[in-house]
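Colleague: So you can see what is in the structure, the chains are spelled out below.
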Amino acid sequence: MATNIKESRRDFLKIAGTTAGGLLIGFNWFGCDSPKVEVLSTDEVLAQAKNFNAFLSIAPSGDVVIYSPNPELGQNIKTSFPMVVAEELDADWAKVRVLQANLDTEKYDRQLTGGSGAMPHSWERLRKAGAAAKFVLVAAAAETWGVSPEEIAVSEGVITHSASGKSGHFGEFVEKAASISIPDELALKDKKDFKIIGTPVKNVDAKEIYTGKSMYGLDFHREGMKYAMIQRAPFGMKVSKYDDSKARGVTGVSEVVQFGNSIAVVGTSTWPLMKAKKLLEIDYVPDGNVESTADHDRIFQELMSTGKAEVKRKDGNVAKAFQAAAQVVEAEYQCPFLAHSPMEPENFFAHIQGDRCELIGPTQTPDRARQTAAQILGIPPENVSVEITRLGGGFGRRLRADYVEEAVHVAKAIQAPVKIIWNREDELTGGAYRPAVRYKFSAALDENGSMIGYKLKGVGMNAGNTTRENNFPSGAIENVLIESISYDSSITTNAWRAPITNFLAYAEQSFLDEVALAAGKDPVDLRLELYEKAKNNPVGELGYDVDRMIAVTKAAAEKSNWGKNPGVKQGLSVYFSHRSYVAQVADIEMEGGSPTLKRITAVTDCGMVVNPIGANHQVRGGIVDGMGHAMYTNLTFENGVPKQKNYDSYRLIRMKEVPEINTHFLDSGFDPTGLGEPALPPTGGAIANAIFAATGRRLRSQPFIEQKEFSDIKLEIKRA
Amino acid sequence: MATFNLKINGQSKQVDVDEDTPLLWVLRDHLGLVGTKFSCGIAQCGSCTVHIDGTATFSCVTPVSSLEGTEITTIEGLSEKGDHPVQKAWEEIDVAQCGYCQAGQIMQAAAFLKENPSPSMEEIDDAMNRNICRCGTYHKIREAVALASKSN
Ligand code: FES
Ligand code: FES
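These protein sequence lines map, in sequence, to chains G and R. If you count the first sequence from 1, you need to add 9 to reach the working numbering. Quick note: the second sequence, position 131, residue 114 per the working numbering, numbers continuous.
Chain R extracted, bound-state conformation (with noise of 0.2 Å):
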């Protein structure tokens, strides 16, 4: 067990774990913020990403080690009153099923889009790619991506 300091979504955290300790495990079992979901556990499906110093990141295969120092942002601080664009965007085009993949879709859009905010079909669909939706929302999320971005 050791000490981690951990900025998340703008404030400053400390949690004793195990350094090999997931990302995923300290924000879903230490800190309340079940928002980040566990899936696969193995940087398969994007269920648990989130922004490391705005980097979409799979935090499921994140040790809390390598994080000291890093700015990180979950779905709960994406936005302060859930309106960011990307957020927005899933409203209106109405993308979940279930719903539980969605978290994970919308932080691997916002970076993405922080990145490129003009992409292509074929950009977003190569972005979005690394992300499961076993209820196949895809078309969904694809245009939801298209609408938030600035090629809208």
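Bound conformation, chain G alone (with noise of 0.2 Å):
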């Protein structure tokens, strides 16, 4: 029975009875407003509840369902998200499946996302999701037995009254739970008392993915639907004129037509259409700067020394420090263009009928992806319905709309139901990138080697911002300017895991190395001693938490026997990203002449862990990540497009090319924060310094091995 409908379309959870007779709980992983509770019918709940996105239902026999409405990418949140909840309502892990919940505007809410912050977002809902129906069920099984629900407990599926003896399982209560009102306060678990959280629990879909089910975007197929494949423009340039008979004469082509600067192939299967999509006369003319590699070196160079900056932070008075330094440290890094490159190529699935339109796919963001569409057909949104399947990777990749445009501007033009698909040509020259970067940075240190003055400027392209101006070391130095620009590419970039931090990072770790080296310091020393002065005399606004810098610096020395064995040289490098706080260190020992990289140790302080499992696959998976590409991977251009075009030029780490990985993390006591990112940025320059302490070379650019660093020796890589 619903009590105040309208108020009620901004609360948290709703419950219900099922028509099966079971207990439905509807609640949002990703809402804002702070949790309440209403009691609905059924129908009520399905109908209004549009700010839901999640549902928990208990069958009669027990078993608990919980519908994961959030796009999967590897991130492992299919399985972790379900466990907070089964942790609060002492659920038995064996009787909870996860389902996918198709995003349906008649049902879910229409906000979602994913990446690190799902987390510590959504930790509370979960457990207060999982907290009220247990809160229900205990109050079902107190009314039955006449018993107060104090001296009821729950474990693992099964309430129990111990003195009267009388215990049932969840499916029992589930009836009368449904009748029953959530209070406004909730009890959540004392954390020494999760028996889910924390433990290893593994991927709910492993069967299927190991036994190739049908579960992505381009798996899926729909009798009758066509497929289409489509050339894209070079960045800065437009289409003047095509000739499509050639590839119209192709067997299996049913049509060629443009939209924008795109033309579509469409046909029965994919092989005749990359085929035809070849045969593709198109010319070209420039509508725009039409940029190569080296034209963004030329204003790289040029906006650095003479572009107008923005001031990002200024902190005292850094031209009195540097003139009364005893020693200036000053260097540049850059960074390549990269893609993002997920294993899965773009794809999706449009099908328009009247008014409406149907849109199944890959997508990290399916409710931009719904209003593109929207807008595209000038339709309201909730006539566009996403259906997200599992992602083969994302890497900020899928947080665009563009393909999902694409095909809803194909599927518009041929009037018939249709998938697009991208190849791996099209995922590197029709990209979406992260965009190359350069950095420079001064330090000036006094007579002790102290920091006494820290510049930084950032050169980025369409970033906005390319610092983090609050991260350390700001905050530990009196005197710091930050300064940033940015320049307007016609090359198409975007967030690529770790934004900006991914080689900011590097760079920065990097310097504070040269730093410790001018200062005579050792690189772990020259950290604490920053730290403290963060820690006892702050100076402007710390956006970390110096403490737990501290830890996880301290634990990586520690772990990684740091300074110890003079045979091993070692790199260390720590940063704070996306809430958690990881620090590296990378060993290399000389063989044979060659610095030989053999282990990666590294200290996560990200909160509580929910999944052991999960945790340790995203910080390796993060650290292979920054590793393979600071060390191989490039994306050049000419004339606004990319040379590297398929895994034979676009260089990806592999299985031989990755070292052993200790991974390590602290319990700082803090509720869970991001897992997906903050393992990668610290790893280029963790390796970046270990091959300076063994080789005396300083690598400021990547990818290391297209440096003239490496034109006489060879880094090689062996697991330890």
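No wet-lab data here; the hints were simulated from the structure. Among the hints, erroneous ones may be present.
What the hints assert, rightly or not - FRET-style restraints, in silico, Cβ to Cβ: (1) Gly572/G / Glu63/R: 50 to 60 Å; (2) Thr153/G / Glu75/R: 36 to 46 Å; (3) Lys247/G / Glu75/R: 46 to 56 Å.
Claimed, not checked - List time: in silico BS3-like cross-link candidates among lysine-lysine, alpha-carbon distance up to 27 Å: (4) Lys727/G / Lys133/R; (5) Lys665/G / Lys568/G; (6) Lys97/R / Lys727/G; (7) Lys97/R / Lys222/G; (8) Lys211/G / Lys71/R; (9) Lys717/G / Lys727/G.
Because the structure is a prediction, the values reported are computed rather than measured. Where is the CB? At the ideal position from N, CA and C, for every residue including glycine.
Since each chain sits alone in its own frame, please combine them into the complex, following the hints.
Modeller: Written out as structure tokens, the structure is:
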């Protein structure tokens, strides 16, 4: 029975009996309003509950089903979120099933995101959803038995009243529970009583993945649908004319359509389209800046010396500090563009019927997909449904809706259901890249080797702010100037796993190593000294928790036997991003004249670890990702087109190139924070600093293997 | 267009496609066997790995015309109940992140272990170097292959 429908729209939890006699609770993993609860009928829950995106149902059999609404792209959220709900419910994990809920305008919230922010944001509401279900079940049992709820205990899906010896499983009480209202205040468990959270729980989709079940967008098929592949214009160019006669001649091609500066070949299966696309003869003319990598180098140089910079942070008097300096250290760091390159190339299915549109495919932002389609078609967003498939990786690429847009355009043009498919060449050339960037650092040291001044200037592309001005070492130095310059490039750029920090951390942590060398200090000591200053005499705003920085740094030094083994050359890197703290040490040994990377030790403080398996995955995966791109991957442009078009020239890290990685987690007592990204930023710096320690060669540019420092030596990687 | 008779996962199949059509697209688009994945299309990543007469093969560059008279096995046919020792090891070690590359990894590992049932770690690394995992699950792949091997 609804008490106040209008207000309840913003509510967090709703409860209802199901037609099958079970219990159904609607809630929202991502909602922003403060949790409030209400009792509604099933129909009302389903009809009114547009702000739900998750449901918890308990059947009379005692089976618990959690409908997970969020895009799963390998971050393991489909396993870890339900763990949190099941924990507070005190469910038997063996009886919990997790199902992917399709995003449906009739039932679910429009707001859905992924990324490292999900767990910290949802932690409390997930717990409350589980606690609410437990509350009504316990109350129902108490009523049935005529005892006080306080005397009742719940464990692994069984409700027990030990004084009377009565007990029963969840399912026996669901019917009664559906009529009990949930109080505003819900007691949550003490963390020390957790039984599921903190234990290794395996991927809930494992079986399907390992037997080749259809799960991904590219696997989706519907009878009668068409396929399309698209040729896009080089960046900064537009189509002047084209000849599609040869493409149309390929058997299996049904039509060729143009929208904007894209030309789509459409047909009944993929292979003919791959051939036909190559046969399109298209003339392009400039339509803005047609850029090459050489242009970027020149532009970066000009902007760094004469460009108008935006001041992001200013503490004290930097000019004075540099005048007074006994020693000045300066260095420039730069990085190339990168593609996201998820293993599953972009694809999407669109079907337009009258004023409705159905979308199915891999996206990190279903809401953006919906809005985009609504706009193109001039229909209300409610008329667009989005079904999310499992994502074959994302890394930020699927935050964009450009390929959804394409699917809608083609579906509109051919008036038929269609799935658009990108191939690897499309993915690398039709991009939305991690933009190239350049940083200049300067440090002023006094006669004791203490940093009295620090300057950082970043030049980025389409990046807005290229710095993280309130990150360490800000706060630890009296005189600081941080500036940022952005260049508007015609090349499309986009967030890439750990945006900005994926390169900034490497540059900054390498530069700190240069400062330590100039100051004659051990890199660990230099950092600890700076942390002390930030802790005892903080300058300006601090975006990080100094104690947590100290803890991960000290733990990494200890776990890696820092400086204890003369045969091992080490590099340290410590970074805070996405609310988590990660310190890494890379170990290099010289073998037959070659620096040989043996292991990386990583210490992470991401608050409480929800699932050790998932946490390990994310940290090791982030390190492998950061390492591979820092070492091997480059994307250069010639006249608006990337030169690297597939994995033969766009080099990704492989099995033989990963060293041993030892992961450690510090229990800082904080609630869980992000883990999909924070392990990546520190890796490049740890490796570059270890290479310097072993060879005296400083790498200020990525990818490392293409630098002159590696022209006469080869970095070997051998697992210890 | 021409008609090709194929033996896939023990069953006879007939398809009517151009003779240069790669096996990958025959499987995915014409036979609905979508467990075999597309990623690079140029024999670089291993996502599309299948067995042809027991040998791990990149289906994205294998024309259908070369396959008559061969035995083709895809991830769907590796075992009846998903309980091939390699699949079991993958579950045990909980290898996948996004999972997209894993069918190819499993097919690569299964063919490799058939040929070399007791490999050294170096041999595992060599064999699995043919497949890319963008999520970086390499450590777990290695552990899982070792677990499925007789050296374990
Ligand atoms: S898709 Fe065949 S090897 Fe990459
Ligand atoms: S698990 Fe994602 S590509 Fe391997």
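Colleague: Would you mind marking each hint as holding or not holding in the structure?
Modeller: Here's how the hints hold up against the structure:
no.: 1; hint: Gly572/G / Glu63/R: 50 to 60 Å; verdict: holds (56 Å)
no.: 2; hint: Thr153/G / Glu75/R: 36 to 46 Å; verdict: holds (42 Å)
no.: 3; hint: Lys247/G / Glu75/R: 46 to 56 Å; verdict: holds (54 Å)
no.: 4; hint: Lys727/G / Lys133/R; verdict: holds (24 Å)
no.: 5; hint: Lys665/G / Lys568/G; verdict: holds (24 Å)
no.: 6; hint: Lys97/R / Lys727/G; verdict: holds (26 Å)
no.: 7; hint: Lys97/R / Lys222/G; verdict: holds (24 Å)
no.: 8; hint: Lys211/G / Lys71/R; verdict: holds (13 Å)
no.: 9; hint: Lys717/G / Lys727/G; verdict: holds (23 Å)
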